[in-house]
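Asks: Here's the letter readout for the chains.
Number of protein chains: 2
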Amino acid sequence: MKKLLFILSCLILTSGLWAQEPVNEELVEAIRKHGLDQSQAMKTAQLMMDVYGPRLTGSPMLEKATEWAVSQLEEWGLENVHTEEWGPFGRSWELQHFEMHAHTPTYWSVIGVPKAWSPSVKADEAEVIYLEANTKEELDAYKGKLKGKIVLVDTLRSIEEWFDAPARRYESDDLLDMANADMPTPRPRRNYNTTGGFSFNKYLWETLAEEDPIAVLDRSYKGDLGTVFVSGARTGEWGSYREEGTKVVPQITLAVEHYNRIFRLLQQGIPVKLSLDLKARYYNPDDGMERNIIAEIPGTDLKDEVVIFGAHFDSWHAATGATDNGAGSTVMMEAARILQEVIKETGVKPRRTLRLALWTGEEQGLYGSRGYVGEHYAEFPEGTYNPQSIKPAQEKVSAYYNLDNGTGKIRGVYLQGNQAVSPIFRSWLEPFKDLEAGTLTLSNTGGTDHLAFDAVGIPGFQFIQDPMAYFTRTHHSNMDNLDHLVEDDLKQAATIIASFVMHTAMRDELLPRKPLDLEEAKSEE
Amino acid sequence: MKKLLFILSCLILTSGLWAQEPVNEELVEAIRKHGLDQSQAMKTAQLMMDVYGPRLTGSPMLEKATEWAVSQLEEWGLENVHTEEWGPFGRSWELQHFEMHAHTPTYWSVIGVPKAWSPSVKADEAEVIYLEANTKEELDAYKGKLKGKIVLVDTLRSIEEWFDAPARRYESDDLLDMANADMPTPRPRRNYNTTGGFSFNKYLWETLAEEDPIAVLDRSYKGDLGTVFVSGARTGEWGSYREEGTKVVPQITLAVEHYNRIFRLLQQGIPVKLSLDLKARYYNPDDGMERNIIAEIPGTDLKDEVVIFGAHFDSWHAATGATDNGAGSTVMMEAARILQEVIKETGVKPRRTLRLALWTGEEQGLYGSRGYVGEHYAEFPEGTYNPQSIKPAQEKVSAYYNLDNGTGKIRGVYLQGNQAVSPIFRSWLEPFKDLEAGTLTLSNTGGTDHLAFDAVGIPGFQFIQDPMAYFTRTHHSNMDNLDHLVEDDLKQAATIIASFVMHTAMRDELLPRKPLDLEEAKSEE
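Chains as they are written, first to last, in this note's numbering: chain Z, 1 to 525; chain B, 1 to 525.
Among the hints, erroneous ones may be present.
Label pairs and their calculated CB-CB ranges [said to hold, decoys possible]:
| # | chain 1 | residue 1 | chain 2 | residue 2 | range |
| --- | --- | --- | --- | --- | --- |
| 1 | Z | Tyr221 | B | Gln38 | 45 to 55 Å |
| 2 | B | Lys279 | Z | Arg281 | 23 to 33 Å |
| 3 | Z | Leu36 | B | Asn134 | 29 to 39 Å |
| 4 | B | Glu25 | Z | Thr135 | 21 to 31 Å |
| 5 | Z | Thr185 | B | Lys433 | 45 to 55 Å |
| 6 | B | Glu430 | Z | Thr135 | 51 to 61 Å |
| 7 | B | Pro298 | Z | Asp277 | 32 to 42 Å |
| 8 | Z | Asp277 | B | Lys33 | 30 to 40 Å |
| 9 | B | Ser199 | Z | Lys433 | 50 to 60 Å |
Worth flagging that the hints you see were computed from the coordinates, not collected in a lab.
The C-beta atom is built at its ideal place from N, Cα and C for all residues, glycine as well.
Just chain Z, same shape as in the assembly (with noise of 0.2 Å):
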C-alpha cells in the first residue's frame, strides 16, 4: 500500500510529463524536521572535536574516538555497529609535549607545531643555520656542520596584507561556470614509485638523517597571523616515516612571522639560539592493523544491495580536525541519526540497506576507503589503485557518498562525469531549492575518499561545498578548532545527505554506472 501510495506520489510529481524521478514527498519533510528544526549535529561535533581530537590514524585518541562513535551509533539504534581492519598502516604517533623558546635578542616564546612522526628532542639554547642548497654540492658542503645545530629549510616568505576576505560562500558565477562544466577528462593517476633520476628532496631529507641535527624548521606553506599549516614529517621515501626504524628528523614548522625573524636576524649576522623540549611517543601495533566503522539500517526488499554514505574520521594532530573532516563525519553520522527518527516517525523502510562508513587514514592516502574497497569490492595488483578484477559484491553498491570539503553547505553535487544520474539527482535537489543545493557539475573532484569507489566503478560522489575559510585557514592547520565549524551549514548537508541515501535507497533500480574499462586500467600496470 505505501509502496502504491510512493508511485502515485511519484506521478504526481512528473508534473506533465513522465517518469521524472521520483521524490517522497513524506520523507522529505520528516527528514526536514529531524535534520533542520531537531538537529544534534553540533552536539556531535562538540563530542567529537573537543572530546576525541585530535584522531591522527593510529593513535590512541582515535581510538578512543573510535569506540565513542560505535558506542554512539548503537545508542542511535543503527544496527551491525563494527569495526573493520585495513593495513597495515604501520607505526602511529602522539604528540606529549611541546615548548620551545628564543633567546634572541631577548626571550620570546616562538609558536610551532611538530610534524607528526617526529621523534622526541631536547635542546637548550642551541645554534640555528640555515642551510641554503639548492644542489647537491651546495648539500654535501654542510656535511659534519649539522649535527647539535637547529636547521632551517626555508627561506624567507613575504606576507601580504587580506584585502580580500579568507572565507567565502560561492556566487552564482562560480556554480555556473561549474554546471556549464564540460565532461572531465581522465586525469592522470598517481604514482608514488617514481624511480630514476636524480631527487634533491630526497637526498636533503636523506642527508639531514644521516647528519643528525637537533631539529629542522620550516615555515607554514600558507597562512599567518598564528596559523600554522602542518601534516606529516618528511623523509628521503614518501611516508616512510611509517616504517619502524626509519630515521626521522624532529620537524617543526614555524608561524611565519616567527620563522621570518629568526631567518632574518641569521641573514643580517645576529646568532640565534632557540631551546625546544619535543615528547613524542611511537605506537607499533603488533599488526599495524588500522579500523574503519561502519554501522547500517537494513534494507527490505532489496537489503542485499546497499548505499553507502561516508566520510574520513581521522584528522591530522595540529588542532581537533574539526573542518577536516570531523564535519563530514559529523553531517554522516547526523544523516544516520536522521534516517533512524525519520524511519521510526514515517514507518517508511529503505529498501536497500544504508551503510555508514566512518574511514580512517585518510589523510596519509585514502588508505581506510581503499582498504575496504579493495577487500569487499575488487582485487588491487600489489602497489596500485587500479583494480584487476571486481568481486561480485561490487554489483551491489547503488551510490557511495562521501563529504570532505570543510563545513561549507551543500551548493550541489561533482558528478564525476556520470551524465546519467544528472536528471536523478536534479529531482532529488528540487525540495532543497531552498537550501541553495541546486547545482550538478559534471567534473571531477580529487582528494578523497570517493575515489577508492570511483576506480572500481561504483558511483561515487562527493559534494560541492560552500569553499567557507578551508583552504585559507583550517584545512591542515593548528586552527582546525570546532569553533570554525557553522552549525547551520552542517544541518543542511546532513537534510540533504540523508534524503539522497533514502531516494538512492528506495528506487527500483541501481543508479546508473559509468562505463569501467578493466583492461584498460590492466593494460596500465
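Could you slot chain B onto chain Z? The hints should help.
Replies: Below, chain B without anything else, positioned relative to chain Z:
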C-alpha cells in the same frame, strides 16, 4: 607686526586669489628622492622590530633600543641627540619564559600570552575552574575555593568566519565622510579616579588577588585563528601593577579557540588540567624614571622656535611592536634622515629648529609625551592633564606632528578642529596628490601623543592613515611583527611628513592655533 602680517595673510588666503601658502618645489623634489627612491625605512624598521623589539616601557630591551636609536640618529648627523626623563613610571617587567600545556582530554600545547606585569608562576596539572559570578554575592561564594586552581573568568566567545577582508584601505566614501565632518565638539575628559559606587570589576580583581589562584585565564577579546590580543594585567586599581608591592595575579590570555575548548569541556563536566610555567622579572629602578629620545636639526634665523615630529617608541610585549608603533617611530626617524640628506644636498637650512621626539610610556597612558609637555610647556595640577598655566616655551612651538595608527600610508590629516591650518595643509599636500594623501578633516582623533600637545594649546596633529589590518589583527596582538609592515606605505608617510615638517619650519609665521581657554580648564579642576 607679526600679528598684522598673519591677519593679512588670512585675508589674502580667504580671498582665494593670491598668496596661496607657498610650497618649495626644490625641497619637495629632494624629499621625494630621498624618501621614495632612496628609502631606508625598512632597514630601520627591521632593526627596530627584529633586533630591538618588543620595547615595553621600562624593560631592558627598551633600554637597548633607546641606545640603538640614539646612536643611529647621531650616525645620521642629527644634533643634540639625548634622552629626557619623565616619571616616575614605577616598576617595569620582562617575560623570561612561558609555556602552557593541556592534558585533557589528551595532550595539547596551549596558545596563550601572559599579560604584562604578571608574576612568575609554575604549576603542574592544576585543576581549572570557571568563575561564574556577576554579583558580589556570587563572587563571595568562591572565597576559599580558588587557591591552587587555574581560574577562567570569561564566557565563551563565538567565532564567525571572515567574510569581509580583515585589512582595508580607505575608499572614497570613507574619505568623503571625513572631509565633510563637522567641527568636533569637545570630548569629556577621561577621569581615572572614579570614586563612589561599587565596582564589580574592582572587587573581582581585589578578590582574586586575595584568593591567590595559580593563574587567571581570559580569552583574546577579539581576533581568532591564532591571533591573541593582550596588554597589561588587571588589578583592583587600574594600572596599579606598576606600583611596587601590588599583588598581581598571574594572567594569561588564550587564543579564543583554545579558551573556548577548555570552557566547553568544563561545561560538559569534563575536568581539565593545565600545566604552566611563567617566568617574569620585575625591574625596580631607583627613581622609577623613564626616558624619551630627542634629536634636533638646528634652525637658522628662527632657531628658537621649533617644529616637533614624533611617535611613541614603546610597545606592548606580545610581539615586536611593529604596527604599534614601530611603524610610526620608523617613519619619524626616516623623516629625520630624509631631512638631513635634503639639507645636505640642497643647502636649504630650516629656519626653525626641527625636533624629533620618540616617546615612551605611551601604552600605559601617553606618559612620555605628557611628561615632556609638563616639563617644557605647561604646569598641570597633580593628577590632571588640564593645564594650570602655560610656560613661555609653549609659544615657540609651531606644531607637533604624530604618527601612531599602524603601517597604513597617509591619506590626509586630522585637523583637531583647527580650521585655520586647513588652507596651509591643503597647499602642502598638493605636491603629493599622486600619493593619495589629500583629505583634511576637521575631526579629532585620539588615543595618542598629539593629544598631550593639543591639550596645552600647541597645534598637534595625527595623520589619517589607511587602516590596513591594524585594529583587526595587529594592534596589541601577538602578531604585531615586522612582516605586517608595508614598505611602500612607510616610505610614503616619511616623505609627506618630512615635507610637512620642513614647510612648517620655513614659513614666516607659526602655524595658527586654536584658542586655549585656561580658565575653562581650571574650572574643571
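Asks: In this structure, is the beta-carbon distance linking Leu36(Z) and Asn134(B) contained in 29 to 39 Å?
Replies: Holds - the Cβ-Cβ distance for Leu36(Z) and Asn134(B), about 34 Å, lies within 29 to 39 Å.
Asks: Could you say whether the range 21 to 31 Å given as a hint is met by the Cβ separation of Glu25(B) and Thr135(Z)?
Replies: violated (53 Å)
Asks: Holds or violated: 23 to 33 Å for the Cβ distance of Lys279(B) and Arg281(Z)?
Replies: Between Lys279(B) and Arg281(Z), where Cβ atoms are some 28 Å apart, the hint holds.
Asks: Taking the beta carbons of Ser199(B) and Lys433(Z), is their distance inside 50 to 60 Å?
Replies: holds (55 Å)
Asks: Please check whether Tyr221(Z) and Gln38(B) have a Cβ separation lying inside 45 to 55 Å.
Replies: violated (34 Å)
Asks: Kindly confirm whether 32 to 42 Å is satisfied by the beta carbon distance between Pro298(B) and Asp277(Z).
Replies: Once the Cβ atoms are compared, 55 Å apart, the range 32 to 42 Å for Asp277(Z) and Pro298(B) is violated.
Asks: Taking the CB of Asp277(Z) and the CB of Lys33(B), does the distance hold inside 30 to 40 Å?
Replies: violated (52 Å)
Asks: Confirm or reject the claim that Thr185(Z) and Lys433(B) have a C-beta distance inside 45 to 55 Å.
Replies: Since the Cβ atoms of Thr185(Z) and Lys433(B) sit about 53 Å apart, the hinted range of 45 to 55 Å holds.
Asks: Given the range 51 to 61 Å, decide if the beta-carbon distance of Glu430(B) to Thr135(Z) lies inside it.
Replies: Roughly 54 Å apart at Cβ, these two residues keep to the hinted range, so it holds.
Violated hints for the displayed structure, listed by number in ascending order: 1, 4, 7 and 8.
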